[in-house]
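Input sequences plus hints: build the corresponding full structure.
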Amino acid sequence: DAKTTQPNSMESNEEEPVHLPCNHSTISGTDYIHWYRQLPSQGPEYVIHGLTSNVNNRMASLAIAEDRKSSTLILHRATLRDAAVYYCILKVVGANSKLTFGKGITLSVRP
Amino acid sequence: GAGVSQSPRYKVAKRGQDVALRCDPISGHVSLFWYQQALGQGPEFLTYFQNEAQLDKSGLPSDRFFAERPEGSVSTLKIQRTQQEDSAVYLCASSLALAGRNEQFFGPGTRLTVL
Chain A
128 DAKTTQPNSM
138 ESNEEEPVHL
148 PCNHSTISGT
158 DYIHWYRQLP
168 SQGPEYVIHG
178 LTSNVNNRMA
188 SLAIAEDRKS
198 STLILHRATL
208 RDAAVYYCIL
218 KVVGANSKLT
228 FGKGITLSVR
238 P
Chain E
167 GAGVSQSPRY
177 KVAKRGQDVA
187 LRCDPISGHV
197 SLFWYQQALG
207 QGPEFLTYFQ
217 NEAQLDKSGL
227 PSDRFFAERP
237 EGSVSTLKIQ
247 RTQQEDSAVY
257 LCASSLALAG
267 RNEQFFGPGT
277 RLTVL
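Residue numbers (this note's numbering), protein chains in the order written: chain A, 128 to 238; chain E, 167 to 281.
Among the clues, some could well be false.
Under the rule of at most 25 Å between Cα atoms (straight-line distance), these lysine-lysine pairs were calculated in the DSS-like manner [stated by the list, open to error]:
#, chain 1, residue 1, chain 2, residue 2
1, A, Lys230, A, Lys196
2, E, Lys223, A, Lys130
3, E, Lys223, A, Lys230
4, E, Lys177, E, Lys223
In short, the hints are calculated from the structure, not lab data.
The following block contains the structure:
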């Protein structure tokens, strides 16, 4: 599976935008870029995914570099409830679409 | 509209005991996954079912780990002769269809502590 690289941690202030980076230089043409997050004592939760174009949903936006070797998850206004571990994952298209998690990036939000 | 549920939420076992962890996926979800999450780490894939068929068990760490989904809905992960290194959170996830793009919905996990 292609690998992703994320910083270990990031801090943000409440109500400010947050940009969480992810590098995936070995991405293949059929890999989708997925983001999940895991709040304390909960299972991971799907956030967003994309292939080539930027994507928006009610939770976040995903900006994908033109060469697809990096992407950025954007939380437009961080809240205290956004404090979590965020995982950037490359998901291979196929019947066994298992998720390969790394360590993720731990986001702290200051009030 | 219930999500994925898992039981028990917490399990303490003495080393050498057998345990069984249950997962109730979202109704109608074809795919079911089990993951193991050690403290401070991301979840790691254990096994995958498509309906009742176990299509991938490459992540199971030893032959003490066994999973089943006999009727294509509820799944059970069984660990025989538990060891201390089995202590972890065991997560179950289900997905609607076979396509690789579909998101997985996770349960809250079962925290297993082996003494």
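Checked hints:
In summary, the hint linking Lys230 (chain A) to Lys196 (chain A) is supported, as the alpha carbons are separated by about 19 Å, within the 25 Å threshold. About 21 Å separates the Cα atoms of Lys223 (chain E) and Lys130 (chain A), which keeps this hinted pair within 25 Å; it holds. For the hint pairing Lys223 (chain E) with Lys230 (chain A), the CA-to-CA distance comes to about 22 Å; that is within 25 Å, so the pair holds. The hinted pair formed by Lys177 (chain E) and Lys223 (chain E) meets the criterion: a straight-line CA distance of about 23 Å does not exceed 25 Å.
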